Structures are given as C-alpha cells and as structure tokens.
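Enquirer: Numbering (my numbering), first residue to last: 417 to 1220.
In short, the hints are calculated from the structure, not lab data.
These numbers were taken from a predicted model, which means no experiment stands behind them.
Accuracy of the hints is not assured; some may be wrong.
[Claimed, not checked] The calculated lysine-lysine pairs, modelled on DSBU-like cross-linking and capped at a C-alpha distance of 35 Å, are:
(1) K514 with K900
(2) K900 with K567
(3) K1167 with K611
(4) K434 with K990
(5) K567 with K611
(6) K997 with K950
(7) K950 with K567
(8) K900 with K611
(9) K1204 with K514
(10) K950 with K990
(11) K900 with K950
(12) K1167 with K514
(13) K434 with K514
(14) K1204 with K1167
(15) K514 with K997
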Amino acid sequence: MTARGEVAPYDHATVEAKWRRRWDETGAHRTPLDDAQRPFYNLMMFPYPSAEGLHIGHVFAFTGADAHGRYRRMRGDTVFEPMGFDAFGIHSENYALKVGEHPARLVPRTIANFRRQLGRIGAMFDWPRQVVTTDPDYYRWTQWIFVQLFKAGLAEHREGPVNWCPSCLTVLADEQVIDGHCERCGTAVEPRVLKQWFLRITEYAQPLLDALDELDWSEVVVTAQRNWIGRSEGTMIRFELVGCTQPEVSVFTTRPDTLFGATFLVVGADHPRLLDFAAPDRRAEVDGWRVSLPAAAADPDFSVGIDLGSQGVHPLTGERIPVWAAPYVLGSYGTGAIMAVPAHDERDWQFARAHGLRIVEVISGGNVAREAWTGDGVMVNSGDFDGRPSDDGKPRVVEALRAQGRGEATVQYRLRDWLISRQRYWGPPIPIIHCPDDGPVPVPEDQLPVLLPEVEDYRPIGTGRSPLASAEDWVNVPCPRCGKPARRETDVSDTFLDSSWYYLRYPSTEFDDRPFDRERTWRWLPVSIYIGGKEHSVLHLMYSRFIMRALHDLGLVPAPEPFPVFRAHGLLIKDGAKMSKSRGNVVNPDEYLDRYGADTIRLYLMFLGPYSQGGDFRDDGVSGITRFLARVWRSALLAAGDGTDESRERRRHRLIAGVQERYEQLRYNTAIALMMEFADALDEEAAAGTARRRDAETLMQLLAPLAPHITEELWERTGHRGSIHDGHWPEHDPELAAAAEVTIAVQINGKLRTTMRVPAGTPADELEQRALALPRITELLDGRQPRKVIVVVDRIVNVVAPTS
RNA sequence: GCCGGGCUGGCGGAACGGUAGACGCGGCGGUCUCAAAAACCGUUGGGCGCAAGCCCGUGAGGGUUCGACUCCCUCGCCCGGCACCA
C-alpha cells in the first residue's frame, strides 16, 4: 500500500454539511458592525427571486464576490457581506397572474427557495440583515425617500409623452425601452400622453457625468453611462416665427457654422404643442395628419412631413423660411425642433429632396447636389463668414448670434427624467394624496408606510390607472393639509427605485424608526467594492448614483457616490448562448451541488475563464477540480515535515505573492492555476514522505476563500484552533518571493537559440559574456562578429549579428 | 453609423514589449486489473528529421523595434452598449 492510500478520501457531502451547520451555530458570518476597525462593505447585486430558482449564473456571480470578501476577511478586515431580494415588480406580478396566485403569497415562497439555494453555495452572507424590498418595513423607507425627493423639488407630477406597453399595461421609463420595445416582454411600446411622476435625474446630469472620472469602475460601464447621459455641446438659436400663435422657436444645433444653409425649420411630429406652430388655417389639417401617423418605426420615413404654413425668420439674414413638422425630428429631445440644413445633414437632405425644399451649400468639400456633406470645409454663401474654415467659423457665428440676442452656446443631454409611475399593483404605492385645493400633498412621514391594499383583482386594467384605483376605501382620504376629501395616488413606483438604495439599508436593518442610522451609515458607506453584472450598467447603477447624490445633497449620507469601486463580472453562457428560460438551457445548480459539493463548483466556475469575462458552462472539466481537491486533501493530511530549506521557502513565498495579487484583481482562474501547480508538487512530496506541514498550511490558507469548507476541515484536522477564515492570511517577503535562479533566453537576431540558468540579478555585462561563450552560440555565430548585444537582466540576451 | 471589448493548440484559457501556448479538459502511450472504471506515470501546436536540430505558427495585410499575442495603421469577423439625439 502506498502512502497515498493511507488517507480516507474527501467526502464533500459530510464535510460541507458539518461546516455549514457549525458556522450557522457560531454566527461565523455575523458582522459586528459597530466596532469594526477596518470595515469592508462587500456588496453584490441582490437577485430578483424568480420562481425558477437560482441559476448557475448567480452562483458564478456570487462566488467571485464572496471569494473576494473572504480574502479581505483573512487579511484582517471586518467584512460585511449582506444579501437580499428585489421582489417587487412586473416580473413577479406577471408570474403570479400566470399561475393564478396572489404575489403577496407567492413571493415568500420563491424567496424561501432562493434562500435555501443560496445557503448551499458557501458564501458568508449575514442573513439576519437580509433586505426584502416587498417588506413594509423596507418600502416604508422607499416611500420616505420619495417624500424627501418631493420636498426637495426632485419629484414632479407632470404630463408628458410616455412609453406605454400594451402588454404590461403600464408606462415604462425611457431606459426600459429597447429599440422601441418593452424591456420585459418585448412588445412594441406606444406613445401616450399621461400625467406621471418623474424624478428629476436630469438636474444631476453634469455631476453624474463629471464624477465618472473619479470612479474606479470597469471601463465598459463607465462608457455606457457616458453614452447614456449623452452630453452634447452646441448652440441654441432662436428663430422668430410669423404666421402662427407661437412667437418664436428655439433650436439646438452642434453645427452653428452651417446656419446660413438653414432653409427650413422642422418641429417634431410628437411635439406636445405642435399646433401652436401651425398657421391658423392649417391647424385642423395638421391635427388630422398628426393623429393618423403610425407608431414610431425602427426605420424612419423621411418622406413623411407636412408644411405648417408658418415661417421662421433667419436670425442673421432676416430671410423667411418655411416651418414643417415631421416624425424624423424628436419632440422630446432638445427643444423638439430643429433648423434643417439639407446640404450638410443627411436626414435633412433626404427630407428636402422628398419635399422639394432648397438645398444651399455653405461648407465646401462635397457635392451637395448628390449627397449631404457632413465633414469640415470652408464656409461659402455665408455672408461675412465666407472663406473661413468651418471649425473656426463656429464660435464666430455663435458670437454673432449672441450679439443679436438670438442665441448662445449651450449644452444638451440625452438623459431624460426618470419616469417612476407604474399603473400596476405589485409595487410600493407612491405616498401622495391629491387634494383639489392643495394639489399633490405627501403623506405625512409618521403615517408611512402607505400599505399596499389587499385587492381582490390586482390585474392591470389598461385604462392608464392602476388596479389600486378600485380600492375605494383606500383611495378616499382627507387631505393631510386641509382635511377636505382627497384621493390617494394610485400608481406604484418603479422597481428600480426599490433597488436604488438597498445598500443603505443593510447596515441598519434593526432600526425601525429611521431608514439608515447615521453612525452606521457614516461608518459603512460608501460601499467598499460592488460586484455585479454589466447588464445593469445604465439602469440600476445610474439610478443608485442619482439617489445617493440627492440624499448627499440633503445631508443624509456621507458621500455623493455609493460605489467608488465597481467590478463587472462576465456572463455565464451555455452552449454559446445566454441562459434563458425560453431557450431551455438554464442550468439549475442543485444537481451540481449535490453531486460535486459547493467547493468544487465554486472552484470550477472560477476556473472556467476570467471572472470579468464569464464563460461557457459545460461540465466536462469538473474532473480537473475534483482531482485537484483530492490532492490538496491527501497531501495536507500527510504533510508532516518541518524542513526549512531555502528553495521550498522561496517557492512558498512566490505562491503567496502570486495568489494574493490575483485575489486583489479578481483573477481567480490564474490564482487557481498557481495553486494547482503547487499542489502537484506538494502531492508528489507527500507520496515520498517529504512534504512540509508549512507548505500544506499555506496552501490551505490561500485556497480558503475559494473552497471554504474543505480548507476549514483540513485546518481542524491538522490541529488548529479557530476558523481558518479569521485573519489567517500568510505573510510573504517579496525578496524571498523572487526567484533565486532564472532562465535566460539567448537569441540570435531575435530567434531563440538556447537558454542558460544564472543566479537572479546577474549583471548585464556578465550575462553578455556568458551568453557569447556558450558553445551553441559560438557555433551558430561561426566567426561572425556581433554588431550589437541586447541584454535585459533576468530575461534575455539577444545577439545581433550580420546574416551570413 | 458611433463608442467599448474580443479573435491564441482539438476545447476552456495563460503570457510587465523579452523562451507563445502556464493551468485544466480532451487525445495518445503506459502502470495497476481477468477486464473496465478510478487513480497514478509519461506524452501532446503544425511540418521536416534516425537524431542534434531546423522551419512555420497568436483573424488578414502592412509598419515601429535588436525583439511584437502585446504598440501604430488598414481590413475582416464576433460580442456588448448607443443610435433619426440635430
């Protein structure tokens, strides 16, 4: 019998169950929030508890975040790692409707199932601090935040063009409309004009943009946010109007240098006050035209448009130009109207062609009879500006406009205000009472929460009103201000409002008289690291930044940004495609956890590829991890030596340095590769009876964040007291971690010819001498004199010689 | 169209401008076994060669450099974001 056979094999089921129970009993994952010396708030995106349960992608995401938290904890930080559930919203509600069970009864069940599964993945969640957004103790404070925003003038009830999803029977925020379709159900949205609640995120467009520079975030996400805010610098130009009730119209352009080529004006067909721009005798016709327009199409039709009969006065020439309306201009962006310069804008060019409007070249460089020229050039047909390069002309035109009081430089943002009203049931009621005299009045804070009433029929009704409207007893209340009969707001708020502040609640869950305790919040916020999917790049992360910033301006939180450090993990796919219920390729982790145990699955998922990039889940590589853990197990239990030889100490220090660096950077795949190499060597020594206890211990410690159960068991079995997870990160000496001897590549003309082993740090001139003296090199040089020898210490010697 | 990210063995993936392919899967050969599985050992980018070794090779083509997967230019394909945004 060999030495390897003397150890009983690792039994994951028994060991993992044992430690999960033990950790639970000892409160190993409870965080002492009030006396943390080095608080580390390890936040990961809380899930929406779907009825299907956890899928393997969640395990991937949470394992990477948990491993980082465990690493910080071993380094001595007090790590707070909470978890919760984002359980309001259309998803839950639609599912409840489908199965015919009330969401208030269904959601607790789906949460229970999620918790069961999350409990199996070996993460150190501080469960007693769980946050559930549907809990009245939570949404009470969601409502409270709304009231604070309302009082600060950041929540507004106003009429506006909105996106209506005819399938979900509710309005959607602009961000929740993808290519004209509902983000959730894919139905084409319809434009409607309704009175809605908006949060004025646009007030924060510039601060939100500026602060991006200071954030340590994954670059993709920063870029996505920058695009979404869409800052555009340009010029506002006012055209006087004649022949209609509207006295003037402002237009926004980024090309003031083309002003002299403006041959008509166009008002967006969906402009809320379109008719004011039309000549009185054309109003009826224009109105008929407007209502007959089809819903916005993906491919705009430039032939659609109507002459409004009014005229604009060119601010610099006084020339009169026609005013048109067309759907290719957006009523909701900028001022909702444009000056059309067909010679230098492709869309205007097409429109002018379709309607026989004038095309006047004012920037040379193209052939505007054939197509629009959008590049730079020299200004022509532009009065005093003729002959100037276009980029030079821009500020001068702006100056001329400013002198006339007809325009000025300005900035536009693509970002829209955040529409939060939802005409649905399953959300927190917006805490407002509409009084005929006082208008919208917030529900007094001591009367929060406004509980979601029990209604029999919670189906959306599609009339533009929420199902809550039918709860008459609930709706009719006296005005809190004047006491007259008034009505409650019946819309509920967007789910993204729930998730925009949950990280503030976790540290304060036990307080029922305040949303977040001042001392706790100042100690724990902002979050130390936030790890989540890049699919939330725009929506959740933007809304959270806005809410945090608004609360900061109200003096309620210690920092303007909630997440100074954000890392996006990749997406786990299956068979080359995103996992989704409709594709039927969702992997349920339960069977894998049963079969292999949590540690193996954790390691396997982290080994698939770079955490930041995700990977393709297939189970054909799990055996590599199983073998690895078997080696760790065996060698750790057999290692009894106490050798202090330098080479093995160096190897150990090198391993610590390498693994530590990779944990810092969330590069788990390569951390695991290093540990595998080390484990192979250690296992070989264990078989020979020479393995060192110290090496085995180091390996256990380094592996602990990724494989918490097996390492805890080994720690106990090898005679240690206390948990391996508490402050046991091994020290290393960078000097020792450096190799003592290095292999130098020796090249001739950049091609590898041989290598040599030398002591690390051998100086360049000695390396050169030794390399030139190598038999292989003298032979290949064959008498040729090196023209030059490039030497990089500890790396290479490259002999540059004339080619024979 | 614009902005990101990517393209490396049969596969997943490694490589501060310095020995391309670490680590793992799979394959091949072996040990053990009646046999198989498991485990373990060896081997594994392609081509040529008995061998020493040589040549080729990181999506394609150019460039910079003593030296390029890495930097620059052009192009192709894949993924993601934005998109009548004036």
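Enquirer: Next, verify each hint and record whether it holds.
Expert: Hints and how they fare:
1. K514 with K900: violated (41 Å)
2. K900 with K567: Satisfied, since the Cα-Cα distance of roughly 21 Å is no more than 35 Å.
3. K1167 with K611: Outside the cut-off at roughly 73 Å; violated.
4. K434 with K990: Holds. K434 to K990 sits at ~32 Å (cutoff 35 Å).
5. K567 with K611: Holds, at roughly 19 Å.
6. K997 with K950: holds (20 Å)
7. K950 with K567: Status holds; Cα separation ~33 Å.
8. K900 with K611: Status holds; Cα separation ~23 Å.
9. K1204 with K514: violated (78 Å)
10. K950 with K990: Status holds; Cα separation ~18 Å.
11. K900 with K950: violated (49 Å)
12. K1167 with K514: violated (68 Å)
13. K434 with K514: This hinted pair is violated, its Cα atoms lying about 40 Å apart.
14. K1204 with K1167: With Cα atoms ~15 Å apart, K1204 and K1167 stay inside 35 Å; holds.
15. K514 with K997: Measuring from Cα to Cα gives roughly 15 Å; hence the hint holds.
Hint violations for this structure: numbers 1, 3, 9, 11, 12 and 13, all remaining hints satisfied.
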